[in-house]
Structure formats: structure tokens, C-alpha cells
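Using the sequences and the accompanying hints, generate a full structural model.
Chain residues, written in single-letter form:
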Amino acid sequence: MKKIFALVVIILFSVFSIYPVLYVLTVSLRTDQAFQANQLNFFGDNTGFQNFTRLITETDFLIWFRNSVLVSGTSTILGVTMAATAAYALSRYSFKAKRWILFSLLTTQMFPATMLMLPFFIILAKLQLINSFMGLFIIYASTALPFCIWQMKAYYDTLPIDLEEAALLDGCSKWQVFYKIILPISSPALVITGLFSFMAAWSEYMIAAIVLQDPALYTLPLGLKSFQASLATQWGLYAAAALIVSIPVVLLFFMLSRYLISGLTVGSVKG
Amino acid sequence: MNYIELKNISKKFSNNQVLKNINLNVKSSEFLVLVGPSGCGKSTLLRTIAGLETPDSGDVIIAGVRVNSVQPQDRNLAMVFQSYALYPHLSVYDNLAFSLKLKKVSDTEIKKQVLETAHFLQIESFLDRKPKALSGGQRQRVALGRALVKRPPLILFDEPLSNLDAHLRQQMRLEIKRIHQQMNCTVIYVTHDQVEATTMGDRIVVMKQGEIIQVDQPTKIYESPQNTFVAGFIGSPEINILSGEFNNLKMNNIEIGIRPEYLRIQEKAGYQNTGTAVINYIENLGSHNLYHLTQNDVKIRVLQSPVEGASVGQKIPLYVKAEKIIRFDAQTKMRLQD
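Going down the list, the sequences are from chains A and B. Our numbering numbers the first residue of the first sequence as 117 and each following residue consecutively. Our numbering numbers the first residue of the second sequence as 11 and each following residue consecutively.
These are calculated hints, taken from the structure and not from any lab test. Where is the CB? At the ideal position from N, CA and C, for every residue including glycine. Some hints here could point you the wrong way.
What the hints assert, rightly or not - From the structure, some residues in chain B lie toward chain A, with a derived Cβ separation under 8 Å:
{"hint": "1", "residue": "A60"}
{"hint": "2", "residue": "L62"}
{"hint": "3", "residue": "Q83"}
{"hint": "4", "residue": "A88"}
{"hint": "5", "residue": "M89"}
{"hint": "6", "residue": "F91"}
{"hint": "7", "residue": "S93"}
{"hint": "8", "residue": "Y97"}
{"hint": "9", "residue": "H99"}
{"hint": "10", "residue": "S109"}
{"hint": "11", "residue": "L112"}
Right under this line is the structure:
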């Protein structure tokens, strides 16, 4: 009886989660006129891959895709590199302003992104980084940094200090201890931190909208928004693009799930 | 010749004085054991020698050179940790080869040295495995191998056997002694287990609250403890420390120590009768029994081969080997000379 109940609950939740995805899929397969249909029709007179073809051939979708990969990838590498090193220092060394730094990093997470938009815009304008990827790299990496530092620090705190001391006695310098021992065994935390940074940058719209004004520099969220016109939104193209946009993130999740599971359970059991 | 000299070493963590003016010499090729209860400073002293802690004052001299400001990697020593501290992302082979690679030893020489060490410790069959695929005993051997592969003149052990079961611990005790004899290196070994200390050490250093209480050979420490703390800490079952009156000995301002094996509940040549006692409890230790007795409200332990018919509640005569009685000053707790 318990099993049947569990099964029913699981099925209900699955339907609840999958329905929006299936709906987007049907919209992407229909013409814009058929968008308002209520049924989940995958096959029929009005269905086909024309939206996907138009997306690739008639829009700048591939350019936006490339831009998004570049922006998200670079800010992830920047952010994770800085978080990994900063968190190590905060985890392993004692210095005067340590508590203050950790607290202020936490404090930055209390402000909503909208509140930071104006200062970001002013800073980037002064640095002449409006309408450039460099501006986005800096903002994405720095906004993700506090959370990433806390996450990496929490992981480093669970690593036994003996490992580092053993490496020192084996002949490592402190820098070698970090990159030969600590970094390789921190791969679960690095993967989670990287995934978090990547996803945040991949789906970010508001900051991209104030930094990027040239359509050739648009990232995917900006490109998708451009399908929305004042009189008619091209929902078919929008849905097709939305599906393709989600593919890299889903693929990353599948590829990194091994690390993800071990990373999420880090510190929960001894040894 | 002294390989290590520690001169006036002191170390404080916050307000806690962990090491108090430690002076100690360790001879070349000696197996020296630092023993004491938790928090006595033995591990801090070992880590100070390794360079993992810096003393607040005093000198650490290794092979005639003052090494206070020398980095751990340049002190030419190896250390085996309680947690083994094996690199989890590297295979056993790579764990052993790690220090040699850092020294830029050639690949062929690394292979030769790793295989020699693996053969010596009988770990050749799992060189390809990662540490997580090994048992506790195997990990301990790999940790030993990682220390030995460098052929260091000094090896430091920080409670290396405390995570093993009793059987493995005994095996590894012999293994470490064999390594010491064959490698002829200097060993400093930290333990809180007095059995390890007495069975392994050429000399034992007994520590308490950051101070060295006594340094001597195991037999001498056992037979002639400097104070009641050493007497109580070294020896299992624990020594009987008695005050008041015992064996017609009026103990004004003195306490006496008598090891359980020098007491008997049966008459035996060389033993004097010292009244009667009541058996409270009998512990079966296999070849011997430990009899817990009470005499005039004083608790006494007697270790001897099982006595037929002896049972709890029974009143029995008590005998003592009088020349083995150790006398201590009741105030200072220091041993009084005979």
C-alpha cells in the first residue's frame, strides 16, 4: 500500500514537472497561429520542425549561442579560479580581517541584482566596458564569487590538514600542495561551483540587457527576448530556442552528475 | 652521537602552554618513544621536530644543524600520520613515488625504489589501487612505504597504530621494529599506549602537561618510576598506590607503589604475608587472573595465575614481594631512594 502511494506521488510530481517542458515542445513544433491550442499534439497538420529550421537559418541564434558559451564559459573559469584560491586562503590561513571578509562576502548576497544594476552600469561606463563581453565577464564572475567562495571554503574545511602536512614533508611548496593535492581532491566542489556559475551566467538577462546593446553581441536570453515584438510574439521560434538553450545545461548535469552527487553529500559522513 | 638535540623548547597556543622548556637528546639510530596522556604535548613536540610547528623559544638541532627556520621539506625526514594521510586521488604507486617525483628523480630510479619498498612491505599486489580500496592495515603499510621510499635518516611516527584493531596493531608493532632494525634510522614515535611504548622503545620519554617527567629505558621506567604519575601511567594492569598502613609498614608522609604481579593470594617463596583481604571481583585475562581485593577499605589489584577455588566474597591471605615495594613522598609524589 505504501509503495503504491509512493508511486502515485512520484507519478504526479513527474507529470507536474514534465508538463511545462512537453508544452514548450508542442509549441515549438507548431505554427505561431496554433500556439494557443490546449492539447499536447506532437503530430498533425500544423506540426513540424519549421521553427527549428527558421531559428537556425533566419535568425542570429547561432551567434547568440556562441556569445553565451563564450560569456558563461569565461566567467565560470574566472569565477572558479578566483573562488578556489580565495576560499583556500580563507580556509587555511589566519589573518586579521578574515572574519570581516567572510561576513562581508555573505552580506553581498543580501542585495537583489536589480539594486546593483545602476552602480554596475556607472562603473562599466567609466571603465568603457559597456557593449563589451569584458564587462559581462567581470560582473558575472564577481556576482557569483561570494557564494562560490563560501561553497569552496566549506569543502576545504572538511579536508584533513594531515594531507597538506604530508605533502609538505614529501617536498611540496605551499603552492604545489594546493595544485597537486588540494585541487584534484576538490573536484566535486569545483564542479558544483563551476556549474552554479555557468548556469547563473547562461540564463542571466537583466545585466546583459544593460551592458550589451549591439545585437551582434547578444547572449541567448537577450536574443530570445527579441522574438517578443509589440504586436506579435513569435512563440514558435521562442519555444524552439528555449528548448535548444536548455540542452547544454541538461547535458552538463548528466555529464557531471557523478561529481554532483558526491559533491552534494560531502561532509555528511565521516571518512 | 646525538642526532637530534632539543634545547629549551617552549610553545604556547593562545593561553595554553603546551611545551615547557623541553630539553632532550636523541641518539643516532635510536628508537625513542614519546608517551603520555592526551594533551601532554607529545604530538606538538614531534611536529616541532618536523617543522610543522615553530617553537616560541629554544633550538631544534638535527644532525648538528639548527633547523628552527628550515622548512619541513628541507629537514630530511619523513613522518607517518595517525590518519595515514594518503593522497586519495593517487594510486598506491603514485603515493609512494610522489616525493621522488618532486625531487626530480629519474623514472627508472623511481620505479626501482618504489618496487623495492613495496616488496619490503609486501604491498606489491595493490600498487595500482587507490587508497579507498585498501583495508586499514594495508593503508598503514602504504603510509609506512611513503615514508621509507625516501630512505630518510629520521622517521617520525604520530600515533600510527591507534586506528588499527588489537591484532593488526601487534603485527604492525613488529613490522615497525623490523623496519627500524633493517634501515638503521633514527625513530621518534608518539603514542599514548604504554604497551607500545615499553615494547618498542629503546628509551621512553614520559610527558605530562608539556613537561618531560622521566626519560629512561623501558625496564628502568617500569621498575623505578620517578613519581606516582609515571608509576601509574606505565604498566598494565595499573600499579597499586597505597597510603596508610600496609605490610606492617606505617606510612607517615609516604605512599607506596606495588605492581599487581608482585602480590599473591597464595603462599609463595620470597613473598611475605601481609594480612587478609576480600575478593571483590575476578577479571579473567586468559593465562592470568586479575583479582580485585579490598583490605581495610583499600582497593588492591593482584595479578597471578588462576587460583582454584578463589571466588568473589571470599576472605584470602595476601602476600607481597617486599623488595619490589616502591616508596613515594606523599606530598611531592616523588620516588624516595631506598
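Hints, verified against the model:
The interface hint given for A60 (chain B) holds, since its Cβ lies 6 Å from the closest Cβ of chain A, which is under the 8 Å cut-off. The interface hint given for L62 (chain B) holds, since its Cβ lies 5 Å from the closest Cβ of chain A, which is under the 8 Å cut-off. Given hint, Q83 (chain B) at the interface with chain A, holds; its Cβ is 5 Å from that chain's nearest Cβ, closer than 8 Å. Satisfaction of the interface hint for A88 (chain B) is found here, the shortest Cβ-Cβ separation to chain A being roughly 7 Å, below the 8 Å cut-off.
The interface hint given for M89 (chain B) is met, as the beta carbon of that residue sits about 5 Å from the closest beta carbon of chain A, less than 8 Å. A distance limit of 8 Å between C-beta atoms decides the matter here; for F91 (chain B) the minimum to chain A is near 5 Å, and the interface restraint holds. Annotation: interface hint on S93 (chain B) holds; nearest CB of chain A at approximately 5 Å, less than 8 Å. Because the smallest distance between the Cβ of Y97 (chain B) and any Cβ of chain A comes to about 6 Å, under 8 Å, the interface hint for this residue holds.
With 8 Å as the threshold, the beta carbon of H99 (chain B) comes within range of chain A, its nearest partner Cβ sitting at about 4 Å, so the hint holds. A hinted interface residue such as S109 (chain B) counts as satisfied when its beta carbon comes closer than 8 Å to some beta carbon of chain A; here the least separation is about 4 Å, so the hint holds. Satisfaction of the interface hint for L112 (chain B) is found here, the shortest Cβ-Cβ separation to chain A being roughly 4 Å, below the 8 Å cut-off.
Of the numbered hints stated above, none is contradicted by the structure.
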